[in-house]
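Each chain is listed here by its residues.
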Amino acid sequence: MTAYLLKRLIIAALTLVLASMVVFAVMEILPGDPARLMLGLNASAEQVELLRDQMGLNAPLAVRYLHWAAGLLSLDFGRSYTYSVPVIDLVRERIVVSLPLALIALALSTVIAIPVGVFSASRQGRAGDTLAMGAAQLGVAVPNFWFALMLIYLFAVWLHLVPAGGFPGWSAGIWTALKSLLLPAVALALPQAAILGRVARSALIEVLNEDYIRTARAKGLPYRAVLWRHALRNAMIPVLTILGLQFAFLLAGTIIIENVFYLPGLGRLIFQAITQRDLIVVESIVMLLVAAVILINLVVDFSYAIVDPRLRAIPGKVRSGFPSGIAPKQILRAVQRFRETRNRSRGRQ
Amino acid sequence: MSLLEVENLSLAIGATPILKGVELTIAPGEVVGLVGESGSGKSMTALTIMRLLPHLARADGRVAFDGIDILGATEDQMCALRGDDIGMVFQEPMTALNPVKTIGEQVAEGIRWHTKAGRAEAEARARKILDRVGLPEAKFPLSRYPHELSGGQRQRVVIAIACALKPKLLIADEPTTALDVVLQAQILDLLRDLVRENRMGLLLISHDLAVVTEMADRLTILRRGEVTEAGDTARTLSEQQHPYTRELALASMHVPARPKPHLAGSAKPLLEVENIGRDYPGRRLSLFRPAQPIRAVDDVSLTIEPAQSVALVGRSGCGKSTLARMILALDKPTAGTIRFRGEAITGKPEQALKPARRDMQVVFQDPYGSFDPRQKVEKLVAEPLHLLEKQPTQAERREMVAHALDEVGLGPRDMDKYPHEFSGGQRQRLSIARAIITRPKLVVADEPVSALDVSIRAQILDLFAELNQKLGIAYLFITHDLTVARAMADEVLVMHEGKIVERGRAADVLDHPRSEAAQALVAAAPDLHRAIARKMQEQG
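Chains S and X, in that order, give the protein sequences. Its first residue numbered 1, the first sequence is counted upward by one per residue in our numbering. Its first residue numbered 1001, the second sequence is counted upward by one per residue in our numbering.
One or more hints might be untrue.
Only pairs whose alpha carbons sit at most 25 Å apart, straight line, appear in this in silico SDA-like list of lysine to any residue [what the hints assert, rightly or not]:
no., chain 1, residue 1, chain 2, residue 2
1, X, 1101, S, 306
2, X, 1101, S, 224
3, X, 1116, S, 223
4, X, 1101, S, 118
5, X, 1128, X, 1193
6, X, 1499, X, 1347
7, X, 1376, X, 1415
8, X, 1101, S, 84
9, S, 7, X, 1290
10, S, 7, X, 1292
11, X, 1101, S, 63
12, X, 1101, S, 223
13, X, 1116, S, 213
Ranges between beta-carbon positions, derived for each pair [what the hints assert, rightly or not]:
no., chain 1, residue 1, chain 2, residue 2, range
14, S, 233, X, 1166, 28 to 36 Å
15, S, 138, X, 1354, 53 to 61 Å
16, X, 1519, S, 303, 46 to 54 Å
17, S, 14, X, 1092, 34 to 42 Å
18, S, 303, X, 1290, 32 to 40 Å
Source of the hints: derived by calculation from the structure; they are not laboratory data. Where is the CB? At the ideal position from N, CA and C, for every residue including glycine.
The following block holds chain S by itself, in its conformation from the complex (with noise of 0.2 Å):
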């Protein structure tokens, strides 16, 4: 277990390192120069030449890298070149927006689609599946943004239950700030619940046909217990590698879907550092995205090894991170289900 745990932490450590390589990389090759942009149209070559000095422009590149990187490690990112504020404050005051819309959003879809795929994989191929498999491919093919013009339509419009759009803070009182958060969340989330139904039905389609459900079924348990206590925890190592690689997709979402709610949060700054060529607040917004995708994504490392007693006890067997046996072939299948579900959707739009 231990031996596992470590490898997977070192391999988490590594790809951030390479990771920040190429966001540091890609902002090197981007065209524009932040001390022309900082000074404006009308500095001349020297006042340019000199503020590259103070910041540090014109070092050697691994220099200036290193530099970055370890201001990345003390959580300073240095200052943004259009609010001339440190990048940290400006993070700071958007990430209680964000990072509370994605985990929202992450657990609304899972707790949606682990009933519906366990209601449609206990109904294969009877009304209650297809009806509920027709409700999750529309869920896939419909954008979020019009998910959430619907949303907004009938709950604030119409219905005046929450507000259309804004951000009143957490100040305003938790449960005031929650349902503005409500809304976004709720549209973030069906798409993802969508395809996340999907895959769990059919990962739990193939656990239903494995010889220990028989052997289950044939100690006198009914198939509603074989099903909760057999089969869903079998099935949930595809659902776990699904969850990880949506939460990248959620903290994407948000920029679409903040726009559409108004919500100060980390997706309307990096949209609006891009069309202020704010460099370095896009550069640390980028790698703080990175960072949390890696960290998810080490978090589900860690529970396929809670769900899988062979991960914690054949380290030596272990050998792409995956239990051995069936989990491979089931993840496999899984990502590339997902990826036609996802790029048939994108197809639609």
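Here the structure of chain S is known, so what remains is to put chain X in place on it, guided by the hints.
What follows is chain X alone, placed relative to chain S:
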């Protein structure tokens, strides 16, 4: 009064009839054998009694268990019966247990469910039954997971689950087919004892006539969903009134004709294996000491002459397959050399191995798993042709594939089919066609017939013998089935814990084994002649 009565049972899945008018009775304490080839409806009969049939299956007739009408019972009634009064043991122990639950949880679960006992009490009872099936607490605490157990041990857990509540009827569907002969004998002994202790009825389902004969008081023989013959084991098998019974008995004991016997020492050896060894890295127990390697193959030497047929027998896990992989240059030995036609193949780069690979082919056990389901037969059988010096043209290739198919008894038209269009036996013919297309001198066959029905098995053994006679192919048969060794081999090598412990002429080794390992194998191997003789004595 009978415990189980099956009368005029018919079963259809969709529009396909599976069973037609099956009759079967079992009395308390009686062992009834249900014999038949794959697809004859044995397992479906068992699943009907358990009412665990697939969707769309419709059963007619009468199945009465202990006075309860099974076909008419509600699902709740069935749940109360299953695991309590009727237990079931399945064929594949490797996959029959839930990998994410401990063996204790899995055994105790049924006990808790049926008796409403508390956790502690259920676990105490689970402990007792696990002790009873030969999994003592010291080595097998309840907290063990299935993946920490071997196949035979897992089958014991499955038996513990099925027998935990002392069922009146136990259904065992091919309980030992996936195990080696020594484990098989142990599991059969265990089942026999459980029957005696609890006056349990046992329905033993098997395709292996010898196993059933050893165990059963009465026999029912199924063919294509119909009972062809039923009666006392000894009488049924000694009189063999029905031609199908005779066919099955003959096929089980089939020895293919090889009119030209191999003369030992007549030619230069084809394959020479010298002091070969293979270590696998072991598990590291301490940070400071290097891990002890596991020695899978230990100082093994052997030779095979052209056209000679050698059988390598041993229990599962004794290192037979590792040895075969090294001979095929699919794995590198950690010690020793292997010479093929006088040339060393150990330590050579892949490119230099091409001629050796061309002359050395392999046939695997599982005809289902060894083909890519999305490729046509032409491509599958032609696979080894890339080893030829001169690549054949498209037309030449088709010609060669057609010829190879003809040699294994298939037609040229089969070339454009997909593997799923063939039966198990035909698929094994395909893998033999694939093996002989490059005209190899040696074919390594890893359990080539153990997944096949007896009649198909006899045909495939005939094919092996014919190819040996016609093309002079030498064989290395790797098997735990001594009847294959007896039927096919000139020489038998017995392997035990990585070492060759005995070698000699097939008849000598199999009739008069000297080493302990060989004696254990021979004693455990089911033998139809012996079993019938014993039954005749018992049943008069």
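To see whether the hints hold, each was checked on the structure:
1. X:1101 to S:306: Given pair residue 1101 of chain X, residue 306 of chain S holds - Cα atoms ~12 Å apart, limit 25 Å.
2. X:1101 to S:224: holds, 18 Å
3. X:1116 to S:223: holds, 18 Å
4. X:1101 to S:118: OK: residue 1101 of chain X and residue 118 of chain S at ~20 Å, within 25 Å.
5. X:1128 to X:1193: Holds, at roughly 16 Å.
6. X:1499 to X:1347: Holds, because 22 Å separates the two Cα atoms, which is no more than 25 Å.
7. X:1376 to X:1415: holds, 7 Å
8. X:1101 to S:84: violated, 57 Å
9. S:7 to X:1290: Status holds; Cα separation ~20 Å.
10. S:7 to X:1292: With Cα atoms ~22 Å apart, residue 7 of chain S and residue 1292 of chain X stay inside 25 Å; holds.
11. X:1101 to S:63: violated, 53 Å
12. X:1101 to S:223: Distance ~18 Å between residue 1101 of chain X and residue 223 of chain S Cα, so the pair holds.
13. X:1116 to S:213: holds, 21 Å
14. S:233 to X:1166: 28 to 36 Å: holds, 30 Å
15. S:138 to X:1354: 53 to 61 Å: holds, 56 Å
16. X:1519 to S:303: 46 to 54 Å: holds, 51 Å
17. S:14 to X:1092: 34 to 42 Å: holds, 40 Å
18. S:303 to X:1290: 32 to 40 Å: holds, 33 Å
Against the hints set out earlier in the document, violations occur for numbers 8, 11.
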